[in-house]
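Assemble the complex: chain A is given as a structure, and chain B must be docked to it using the hints.
Protein chains in written order, with my numbering: chain A, 10 to 438; chain B, 10 to 438.
Hints in this document: simulated from the structure, not taken from any laboratory. Every clue listed holds true.
Pairs count within a copy or across copies, as identical chains cannot be separated in the list.
Calculated cross-link-like contacts (lysine-lysine; reagent style DSS-like; alpha-carbon spacing at most 30 Å): (1) K435 with K206; (2) K435 with K41; (3) K41 with K432; (4) K206 with K265.
One letter stands for each residue in the lines below.
There are 2 protein chains.
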Amino acid sequence: MVGLWKPKETYRAIVVILDGVGDRPVPELGGKTPLQVARKPNIDYVAKTGVTGLMDPIEPGVRPGTDTGHIAIFGYDPYKYYPGRGPLEAAGIGVELNPGDVALRCNIATAKEVNGKLVIIDRRAGRIRGEHVRELVRALNKAIKEIDGVRVEFYPATEHRVVLVLRGTGLSPRVSDSDPGTAQEGQPIREVRPLDKSEEARRTASIINKIVSLSYIILKDHSVNVERIKKGLLPGNVIITRGAGMVPKDLVRFSKRFGIRGYVIAEEATVVGAGRILGLEGEIPKGATANLDTDMCSILKSALRAYERGYDIVFTHIKGPDIAGHDANPRGKVYIIEKADWLVGELIGSIGLSENIITITADHTTPCTVRDHSGDPVPVAIAGPGVRRDDVASYDEICCMKGGLGRILGKQLIRIILDLMNKPLKWGA
Amino acid sequence: MVGLWKPKETYRAIVVILDGVGDRPVPELGGKTPLQVARKPNIDYVAKTGVTGLMDPIEPGVRPGTDTGHIAIFGYDPYKYYPGRGPLEAAGIGVELNPGDVALRCNIATAKEVNGKLVIIDRRAGRIRGEHVRELVRALNKAIKEIDGVRVEFYPATEHRVVLVLRGTGLSPRVSDSDPGTAQEGQPIREVRPLDKSEEARRTASIINKIVSLSYIILKDHSVNVERIKKGLLPGNVIITRGAGMVPKDLVRFSKRFGIRGYVIAEEATVVGAGRILGLEGEIPKGATANLDTDMCSILKSALRAYERGYDIVFTHIKGPDIAGHDANPRGKVYIIEKADWLVGELIGSIGLSENIITITADHTTPCTVRDHSGDPVPVAIAGPGVRRDDVASYDEICCMKGGLGRILGKQLIRIILDLMNKPLKWGA
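Isolated chain A (complex conformation) (with noise of 0.2 Å):
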């Protein structure tokens, strides 16, 4: 019988993003993975009362960075998205970037003059940092404004890193870098050059060659420089660039796209950076170290805070079993698990799994054995009031296999995960 029409529910939804925890089977453990191995009844519990699978963050066999994964799994194909390095910088210090807009990251460098050229002392700049870099940046926006019609800001980031923004009509990220790269001290500062054949691409080029003669001219005798030459300490006089990106013109900001408003808690400002640029909000954590020691405690309450201000779904970054992966470190991994097993037994505990779609999952494998990022799926639990449960009982790369999710697309996800919260529109009728 066909009641009253009555709404039906909608639920709000938590994912619990295990940086790097796929693995392989690791000799030092006899042969499991570190998930197969951690004692971790609360993800499991997701695992059991749940469904799930195995998940290729990009593709089968393509090895995602932490960057090209987030954006995969907060529903962007990583393909059409990746607006390269210098937006995700420029967006994880918090600097708004509209599409269109070219952002590039900067060394603060020292270089010297020979024959007319300027030649790379040191790409860093004898480290230089705090008040130093903001001082010399705040000279640099005083002194250059705009360029051919062009808005220029520069930004301090970490130590001697600067972000460098272009905003205006007509500009390409198909630039090469003028900082010649590691190692190359000794090394002429490189012209930049257009990567393509575009009138917009020889335009940035030429604008970013003026940035950087430009840096020189204002930084070489500024008070800072005089100061730190008389200390021994070597000055800080221009300005180097590489990795120009561009946030795509045809991006759809996450509230738009998916009708649901997003918050991401990540330990890491390329994560909460990569969050910004679609359009999420975000925040580290205090107490985040991105490392095994992190403040679980803290990330858990900022996961808590961002849930009771009303966002329906909530990207919750753990880092460290990325880096006990890249550090070989496989009995860390399993202590991270467990520390995050905690977290999630808290999550559960506090919101509860009958209003809420919960997921564990991970932006890549980085096996112990490898040392780095591969290529390998990662896997996956849903649980939630509507989910099919599958019989698997345990979260880990070789329980998934035989997951009712079977083998997805990080892109995917999101979807998946929609429509549990019952909030996707329908397409047809």
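Leaving out everything else, chain B in the frame of chain A:
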């Protein structure tokens, strides 16, 4: 603890391709498939110690050819990179093709002038072959070197077949056949028409029409034909064309695309040719008959020799299972599978699994009950260091349904193998 930086280990790979080995339940085998019935301890060892799954060479339900199936296994999307029959035939006989070149399959045929039109008397000129074909091809190459700025080359192929290659810019493969087709004796040679509205197609069709007309003028009174007519044989007095194709202009060769060197050991020219077009070197081993009586020992030696010469990946193709499928010979299929099992055993015994990734798969299914290719998926098994072992213990169509790879596409296989070789570049950071 982080030790000194050490480059991570990379591995090499062998891929054994059992042509058409997939099957459907065969009544004669009690409803089992030949793979289920065959005694194949070595192939099953790969399944048992490795990860398994099902693979759709092209897409679920799509019936691949041997050419399209292999193009997918070699890591290229056949929808984008299938060059057509002409280039495959050309590459199969060792003709080097460059992106942009057009190649066609031709017959030397017998024609007669009727009311100013050339009418086909015999499409194969009485199955002309050997020295006669080579002499006529020499005559064509001497007389026709260039038409409208396009280089024209003729190559003798098997029996009455000739390959025609056009080299130059502004060509298109989108042209119709001049060959009226099988059982069309008595029909006039067709005018080649452009199949789209491009200037390239119009120009290419015009050039081919000129070549067909010229070939009759050059060949009709050639001494070979004078002699043949005297002997009561049909003269080979015209070239008729079909299967125009082009190596896609945006093709990136295998070694550049994947960063590894590959070699193809195959039992037939089409497979070696498909490999060559994609930039893989290859050979047909001596004694390879492409049938049940093939010299498996010779194939093994060729594979090991390529491995010893340092190729990163060696594809080893065995044709027999496909022939048995076409012949509705399930017992024959069991026989050749068991013979291939010996090869797999020798391969594992020679090079081991500790530093090599060994894959068993197929280019398509050739059910004995269908006597032709079908669109069913094929089983795949991958073993070697770092592989996440599943609990499947047999390489067959049914057991591999439960494999840890799930269901993958042919074009994805190479990336999965590459990843286990620890070879791919990371995408992102």
